[in-house]
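J.: Here's the letter readout for the chains.
Protein chains: 2
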Amino acid sequence: MTQNQQILLDNRPQGEAVESNFRLVQTDVPALQDGEVLVRHHYLSLDPYMRGRMNDSKSYAASQPLGEVMIGGTVGEVVESRNPKFAVGDQVVGMGGWQQYSVVDGNAPGLLRKVDTTHVPLSHYLGAVGMPGVTAYYGLVKIIAPKAGETVVVSAATGAVGSAFAALAKARGCRVVGIAGGPDKCRYATEELGFDVCIDYRENADVKAMARALKEACPDGIDGYFENVGGYILDAVLLRTNAFARVAVCGMIAGYDGAPLPLQNPALILINRLKIEGFIVSEHMEVWPDALKELGTLVGTGKLRPRETVAQGLAAAPAAFLGLLKGKNFGKQLVKLV
Amino acid sequence: MTQNQQILLDNRPQGEAVESNFRLVQTDVPALQDGEVLVRHHYLSLDPYMRGRMNDSKSYAASQPLGEVMIGGTVGEVVESRNPKFAVGDQVVGMGGWQQYSVVDGNAPGLLRKVDTTHVPLSHYLGAVGMPGVTAYYGLVKIIAPKAGETVVVSAATGAVGSAFAALAKARGCRVVGIAGGPDKCRYATEELGFDVCIDYRENADVKAMARALKEACPDGIDGYFENVGGYILDAVLLRTNAFARVAVCGMIAGYDGAPLPLQNPALILINRLKIEGFIVSEHMEVWPDALKELGTLVGTGKLRPRETVAQGLAAAPAAFLGLLKGKNFGKQLVKLV
Chain A
1 MTQNQQILLD NRPQGEAVES NFRLVQTDVP ALQDGEVLVR HHYLSLDPYM
51 RGRMNDSKSY AASQPLGEVM IGGTVGEVVE SRNPKFAVGD QVVGMGGWQQ
101 YSVVDGNAPG LLRKVDTTHV PLSHYLGAVG MPGVTAYYGL VKIIAPKAGE
151 TVVVSAATGA VGSAFAALAK ARGCRVVGIA GGPDKCRYAT EELGFDVCID
201 YRENADVKAM ARALKEACPD GIDGYFENVG GYILDAVLLR TNAFARVAVC
251 GMIAGYDGAP LPLQNPALIL INRLKIEGFI VSEHMEVWPD ALKELGTLVG
301 TGKLRPRETV AQGLAAAPAA FLGLLKGKNF GKQLVKLV
Chain B
1 MTQNQQILLD NRPQGEAVES NFRLVQTDVP ALQDGEVLVR HHYLSLDPYM
51 RGRMNDSKSY AASQPLGEVM IGGTVGEVVE SRNPKFAVGD QVVGMGGWQQ
101 YSVVDGNAPG LLRKVDTTHV PLSHYLGAVG MPGVTAYYGL VKIIAPKAGE
151 TVVVSAATGA VGSAFAALAK ARGCRVVGIA GGPDKCRYAT EELGFDVCID
201 YRENADVKAM ARALKEACPD GIDGYFENVG GYILDAVLLR TNAFARVAVC
251 GMIAGYDGAP LPLQNPALIL INRLKIEGFI VSEHMEVWPD ALKELGTLVG
301 TGKLRPRETV AQGLAAAPAA FLGLLKGKNF GKQLVKLV
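Chains A and B, in that order, are what the protein sequence lines are. Counting along the first sequence from 1, when you hit position 17 you're at 17 in the numbering used here, and nothing is skipped either side. Counting along the second sequence from 1, when you hit position 327 you're at 327 in the numbering used here, and nothing is skipped either side.
Bound-form chain A, shown alone (with noise of 0.2 Å):
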């Protein structure tokens, strides 16, 4: 019998996550019933969004049970099928959470989707040409809806869904500036993202700071934002933004341990017209096929290429997804699991 290791949300954080939120244990795979997949993982994917998961508290989505599974998205191979649909050595991607094995429904719809790895490697179906990509697809293209010429910006820009919003923005001919940590990541951002400028926010830690390095990098101004963290770098960016500049709200990840974080000055939304707007790409699930044919595209003609970083094992997982969240990954977090 095939064993698998799983890793559940044990207590819920209180204030900030720690290890000792989740447990790892050891369980037997079951046996398939009648349409039945097994998938053996290859790649989990970390994501921002799992923190907000952990709270009892109504967060951006439902609470993660205690005791279970945590939820994430995975990339592996068909190993065993009780389906037609799937045969053993397919290549798959869906939410199969932290584990090395997850038993998927094959028949029903969207929890599980082939993937061709001819041009795409097929990590990134977690990153640039999956939830990531198509979120900041959504953020950028339906919400920020930008003409060529005005000047976009995004924070934690060399993440997964930064980087996705660079090639993305490029193609449309906007000025992007990004928002990092650090000189390296900066760096990254222009020299291998397609960033025309990006700003170092442990140079410019408060809101004085960051909007006067907004206003040398955004000579005309902002006309979209796409929000990944929340906090003064909000307060900076809505100080220089054009009438009618359009804010996707995408995370809020300084806000997650439950400390205060409020907008400054909310009557600039007035003052310039502002549209802000909050949303979670699983609830637009008619923009993937388009997001994910031109992130498929922009990745196959290298035209964006993300970068990741990668922990080893299962057991690696929440030391490196409580590393996400300060940013110490550089781009996209996976755990690699075969």
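There may be inaccurate statements among the hints.
Straight line, CA to CA, 30 Å or less: simulated BS3-like cross-link-like pairs of lysine-lysine [claimed, not checked]:
id, chain 1, residue 1, chain 2, residue 2
1, B, 142, A, 142
2, B, 147, A, 142
3, A, 326, A, 336
4, A, 114, A, 147
5, A, 208, A, 328
6, A, 142, A, 293
7, A, 147, B, 142
If you are wondering where the hints come from, they were derived from the structure by calculation, not from laboratory data.
Assemble chain B onto chain A, guided by the hints.
T.: Quick look at chain B alone, frame taken from chain A:
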């Protein structure tokens, strides 16, 4: 030669606006040039947006220049005309400013509009069937875009905008909840303006109390909010928003004096996938014809019976305006000039 009284902006407010910011002067009405029209103002409109114009800083419109006649909407009668489009006796609405007479270029598009007072009293063209009414229309119809059965909330509920908002929202089958100051205004809101419930903010003077009152008034949550005020009321409303709620930001009276007015929990934008949009109605002239038609019908058929507070004589305008900013008026604040 006809004498004209004018009120100029003499100096800018330091914090709260005061009467000495204004100055009353006497001038002669100049002789008309070809194409010009002389309008005798019957009513001057006082509106919260004027406070923003008094500041030198970037506000939600251009600054009012010092030493010039205060900007303002007016209705009146043509008393002299050198333009074939306008005859003596025509009733007109325009932006005549804080003065008894104005000389208007009758050929400039949009500056002067003839109105019909058969079914709608002249003064209402400054309120329900004018800029405030169209403001309510734009926020409700174009930003909130409610479905029948949804719950919408408006602050400053008994003002010119709030009154029109209630009638427009009831016509769309919404549950309409108002927020106003004091039992008289709240009673007026439910008994005469059609609000289902009106919450007295004086009885609910902090975010916790207001959130509790909103929970009771909106048992199905809040789907749309029309923001005239800002501050703790906005914080409380956001706590009660449903997923995909829309917030139209039209005013932030509490913030005009420069007091910091942070939004306590912007993470709710993400958690509830809110859309928050600021607007100025004069930038959306395309909606005016439809809006004025519907508003005129609502007034003409008695479904919208706006109340007015009328100050007598131009010299009374500054005090009436300062009272408006403190919510001392009841319904639309006007100054009667003849």
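J.: Decide, hint by hint, whether the structure agrees.
T.: The hints, checked one at a time:
{"no.": "1", "hint": "142(B) with 142(A)", "in the structure": "holds (18 Å)"}
{"no.": "2", "hint": "147(B) with 142(A)", "in the structure": "holds (22 Å)"}
{"no.": "3", "hint": "326(A) with 336(A)", "in the structure": "holds (20 Å)"}
{"no.": "4", "hint": "114(A) with 147(A)", "in the structure": "violated (34 Å)"}
{"no.": "5", "hint": "208(A) with 328(A)", "in the structure": "holds (25 Å)"}
{"no.": "6", "hint": "142(A) with 293(A)", "in the structure": "holds (16 Å)"}
{"no.": "7", "hint": "147(A) with 142(B)", "in the structure": "holds (22 Å)"}
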